[in-house]
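Novice: Chains as they are written, first to last, in the working numbering: chain A, 1 to 443; chain B, 1 to 443.
Warning: the hint list may mix true and false statements.
All copies of an identical chain are treated as equivalent in the list; a pair is satisfied when it fits inside any one copy or across any two copies.
[To be verified] Computed cross-link-like contacts, DSS-like style, restricted to lysine-lysine with a CA-CA straight-line distance of at most 27 Å:
1. K40 to K392
2. K369 to K405
3. K27 to K84
4. K222 to K240
5. K240 to K276
6. K387 to K240
7. K387 to K120
8. K342 to K27
9. K26 to K342
10. K5 to K376
11. K87 to K387
12. K222 to K341
13. K276 to K392
14. K27 to K222
Everything labelled a hint here was simulated from the structure, so no lab data went into it.
Number of protein chains: 2
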Amino acid sequence: MQDIKIGLLGLGTIGTGVAQTLFNNKKVLEQRLGFSLILKKIADIDITTDRGIDIPRDMLTTDAASVIEDPEIDIIVELIGGIKPAKTFITDALRAGKHVVTANKALLASHGKELFDEAKVNERDLYFEAAVGGGIPIIKTLREALISNNYTFIYGILNGTCNYILTEMTENGSTFENALDKAKSLGYAEADPTLDIDGTDSAHKLGIIVSLAYGIPSSMDKIYVEGISGIDSLDIAFAKDLGYKIKLLALAIDRGNQIEARVHPTLVPFNYLLSKVDGAFNAFYVRGDIVDSTLYYGRGAGMMPTASAVVGDIADIGRNIQSGIAGRIPYLGYGEGLSSKKQIIPIDNITSNYYLRINAIDRPGVLAKIAGALGKRNISIVSVIQKGRQQKGFVPVVLLTHEAKESNIRTAIQEIASFEEIDRNPIVIRVENKDLKDNRDVP
Amino acid sequence: MQDIKIGLLGLGTIGTGVAQTLFNNKKVLEQRLGFSLILKKIADIDITTDRGIDIPRDMLTTDAASVIEDPEIDIIVELIGGIKPAKTFITDALRAGKHVVTANKALLASHGKELFDEAKVNERDLYFEAAVGGGIPIIKTLREALISNNYTFIYGILNGTCNYILTEMTENGSTFENALDKAKSLGYAEADPTLDIDGTDSAHKLGIIVSLAYGIPSSMDKIYVEGISGIDSLDIAFAKDLGYKIKLLALAIDRGNQIEARVHPTLVPFNYLLSKVDGAFNAFYVRGDIVDSTLYYGRGAGMMPTASAVVGDIADIGRNIQSGIAGRIPYLGYGEGLSSKKQIIPIDNITSNYYLRINAIDRPGVLAKIAGALGKRNISIVSVIQKGRQQKGFVPVVLLTHEAKESNIRTAIQEIASFEEIDRNPIVIRVENKDLKDNRDVP
Chain A
1 MQDIKIGLLG LGTIGTGVAQ TLFNNKKVLE QRLGFSLILK KIADIDITTD RGIDIPRDML
61 TTDAASVIED PEIDIIVELI GGIKPAKTFI TDALRAGKHV VTANKALLAS HGKELFDEAK
121 VNERDLYFEA AVGGGIPIIK TLREALISNN YTFIYGILNG TCNYILTEMT ENGSTFENAL
181 DKAKSLGYAE ADPTLDIDGT DSAHKLGIIV SLAYGIPSSM DKIYVEGISG IDSLDIAFAK
241 DLGYKIKLLA LAIDRGNQIE ARVHPTLVPF NYLLSKVDGA FNAFYVRGDI VDSTLYYGRG
301 AGMMPTASAV VGDIADIGRN IQSGIAGRIP YLGYGEGLSS KKQIIPIDNI TSNYYLRINA
361 IDRPGVLAKI AGALGKRNIS IVSVIQKGRQ QKGFVPVVLL THEAKESNIR TAIQEIASFE
421 EIDRNPIVIR VENKDLKDNR DVP
Chain B
1 MQDIKIGLLG LGTIGTGVAQ TLFNNKKVLE QRLGFSLILK KIADIDITTD RGIDIPRDML
61 TTDAASVIED PEIDIIVELI GGIKPAKTFI TDALRAGKHV VTANKALLAS HGKELFDEAK
121 VNERDLYFEA AVGGGIPIIK TLREALISNN YTFIYGILNG TCNYILTEMT ENGSTFENAL
181 DKAKSLGYAE ADPTLDIDGT DSAHKLGIIV SLAYGIPSSM DKIYVEGISG IDSLDIAFAK
241 DLGYKIKLLA LAIDRGNQIE ARVHPTLVPF NYLLSKVDGA FNAFYVRGDI VDSTLYYGRG
301 AGMMPTASAV VGDIADIGRN IQSGIAGRIP YLGYGEGLSS KKQIIPIDNI TSNYYLRINA
361 IDRPGVLAKI AGALGKRNIS IVSVIQKGRQ QKGFVPVVLL THEAKESNIR TAIQEIASFE
421 EIDRNPIVIR VENKDLKDNR DVP
């Protein structure tokens with residue numbers, strides 16, 4: 001068998017992790033593969049900074065094209081991130097006959113179709129396990145291992161930054177701001193964490209999951225997204241009293257001819273395994289019609305866990321090259337022209353249970369007015385808590401509803417917010433509350 | 001692309017699940033694969049019993065050879081179980097040029113090498129995802145997704161029967177006997193559950209895991225095995241007070257040039273995710289040197305979850321056939337002649353923390369004698385509880401030790417058991433108690 005030669009574009013955190021893995025675990029990779037993965041060239045705009053690993057000088061270049069066009073190189077690994085010039089580099093590499101591995105979820109979410117078409121035309125592989133769930137092999141699991149299943153639903157905790165912040169708020173009673181500062185100081189949040197906090201990163205990942213699981217390409221613009229910046233420690237505390245943790249969940253649910261796909265803070269019952277996924281960890285709960293309940297847990301980001309996924313892809317493609325094949329598995333899990341015709345349901349049409357926190361003046365008749373506004377729209381109430389001291393003349397009234405239609409909740413909340421006894425915008429958080437077959441069978 | 005034709009040997013529970021999956025989820029499989037998986041023939045000694053699914057009469061035969069020798073059939077699925085005639089059928093199928101899928105862990109544990117050699121000689125695939133962990137794709141994960149990792153350790157809850165019984169004892173205070181009866185009545189335990197209860201089934205699975213993860217073939221006879229029939233509800237209760245659940249764990253631990261591989265009841269701290277894996281569920285906690293902590297959870301047995309894994313293998317082999325290849329991945333995860341030279345450490349040489357329950361006469365000086373017997377062997381004590389009423393003149397003394405050598409514990413316990421103040425054999429259960437990098441980073 002021949003060696004497989006690799007060109008790396010981008011020597012940032014993940015790139016350095018990939019180089020380190022290929023160097024340090026060379027032996028075990030050879031034992032398992034029966035051939036060698038040789039890192040031949042690395043391109044980066046900065047080749048002078050010390051990355052803390054020993055890289056031969058002549059392996060480094062600032063000229064990406066010289067890596068992409070190197071005729072000896074079989075696989076290009078794109079770890080630059082962003083759209084430009086990553087997209088051009090991947091396109092050039094595919095046209096130069098290279099297979100490509102990327103971890104670039106934003107690029108795949110926005111320009112996936114073009115890139116996969118390019119790979120198809122050039123009969124090359126384009127793998128992206130590291131784009132979703134870091135070290136958790138969720139792409140391989142959905143596209144290969146669980147292939148016989150219709151996916152009943154998939155719930156994910158897909159963003160470590162948000163999960164770290166919510167865990168910190170839950171366990172130490174921190175405010176959102178303090179938790180975010182701590183996440184930054186520990187390296188769990190970037191200097192500008194906007195795309196994490198506002199749910200965009202989770203939605204990018206959910207878009208890929210929805211493509212793979214349901215054969216719906218390019219769904220990003222139809223996924224409903226709500227971030228965690230509106231979560232108050234008061235709501236975390238109320239949720240706890242009610243038996244829930246607040247998590248940023250990404251949900252994909254099969255509704256027959258349609259699919260729900262949404263990212264938002266969610267009250268998750270304590271008896272769900274997902275409620276135990278804390279700190280910077282990620283997890284996917286996948287229910288299939290054949291396999292029933294499964295869960296996959298691990299680090300969703302970070303230098304080495306992401307490198308593990310990238311090198312796994314390199315090895316997979318290496319095996320294809322040794323076998324003389326490419327395109328063994330459809331890029332997005334469904335064969336050419338065989339995607340499903342399922343549509344994503346607009347958020348207004350979904351149903352859910354809801355947690356409502358309404359700051360109201362503590363005066364007789366207010367609860368009746370709230371209940372009336374809900375009742376008019378067929379929203380029935382599971383429980384009401386009125387607790388704690390007044391804040392500026394208002395007390396929080398917390399309600400849990402039975403299953404209700406999202407659009408009904410919205411019009412009811414609009415009416416409630418217009419009452420003179422109500423302060424500012426009421427808080428609305430969706431509640432996860434499945435009919436359970438048995439106590440074990442929960443996400 | 002051509003259809004892939006399948007012959008099924010054994011129409012028991014799993015076989016029926018596989019047939020049902022191939023029939024009912026035909027469409028989604030075709031969309032994802034781009035070709036069809038056609039179940040052509042089924043052999044079973046009983047072809048008259050109604051299995052509750054609609055199988056065309058002419059698909060059924062009592063003549064396994066006619067299925068194995070059918071020139072149209074590409075893949076033989078062996079779901080008979082046991083050694084004879086399963087081994088002969090698989091061998092014949094490979095020699096007839098068929099690829100094979102099996103769920104037969106006992107056969108692989110005892111005759112794996114012969115069968116894989118036969119597959120190799122005939123250049124055919126032999127897949128077995130369903131043999132370990134039911135619907136959890138642990139084989140694919142270890143052999144493919146996490147290939148870049150040295151596996152620091154792997155902890156598994158690999159037997160649903162034992163986990164169900166221990167959960168029932170923990171949650172409802174049942175005796176072992178009552179919990180076993182309940183497991184039988186619910187179908188979680190077979191009429192003769194010996195191989196589950198005594199740990200043999202877990203050891204078969206651990207043997208396969210050890211082969212895949214560390215490249216050590218045929219290790220079954222070197223794996224230390226202890227079952228759960230000696231677990232008393234008293235120990236479950238003491239463990240709970242101390243912050244632990246008792247689980248039957250299968251452990252594989254990398255110790256440099258050696259490997260620990262053992263199956264035994266274990267005290268698992270409440271803060272481990274593995275302690276939340278209850279009922280008939282299975283889970284694998286895999287720590288890799290690159291990916292760090294990961295966990296895989298799902299149903300480890302049962303008709304449909306096992307069928308999910310079998311059909312996943314059929315699809316994988318189908319893709320290989322369409323690409324005109326076989327042997328893309330080494331059967332046991334390591335290339336020909338590239339297995340590691342690691343040995344399994346004899347149980348006497350391992351170290352662990354221990355839970356000891358010693359029934360002693362409540363008399364001054366007894367504890368000093370026990371502590372003396374331990375201290376002589378450098379076994380230091382973390383905590384002592386003496387609790388509850390006398391039973392026939394004895395009271396239970398419960399000790400947790402610091403890390404100690406297994407052989408030292410054994411000689412100490414032997415000495416303690418010889419004291420006239422001590423009743424019968426003291427209870428010894430290993431305790432899981434890792435040095436934790438952080439609170440999240442626990443199995």
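Novice: Evaluate each hint against the coordinates.
Specialist: We went through each hint and held it up to the structure:
no. : hint         : result
1   : K40 to K392  : neither (66 Å within a copy, 75 Å between copies)
2   : K369 to K405 : within (20 Å within a copy, 69 Å between copies)
3   : K27 to K84   : neither (35 Å within a copy, 39 Å between copies)
4   : K222 to K240 : neither (32 Å within a copy, 48 Å between copies)
5   : K240 to K276 : both (13 Å within a copy, 19 Å between copies)
6   : K387 to K240 : within (14 Å within a copy, 34 Å between copies)
7   : K387 to K120 : neither (60 Å within a copy, 70 Å between copies)
8   : K342 to K27  : between (46 Å within a copy, 14 Å between copies)
9   : K26 to K342  : between (44 Å within a copy, 18 Å between copies)
10  : K5 to K376   : neither (67 Å within a copy, 58 Å between copies)
11  : K87 to K387  : neither (54 Å within a copy, 68 Å between copies)
12  : K222 to K341 : within (14 Å within a copy, 54 Å between copies)
13  : K276 to K392 : neither (36 Å within a copy, 43 Å between copies)
14  : K27 to K222  : between (46 Å within a copy, 26 Å between copies)
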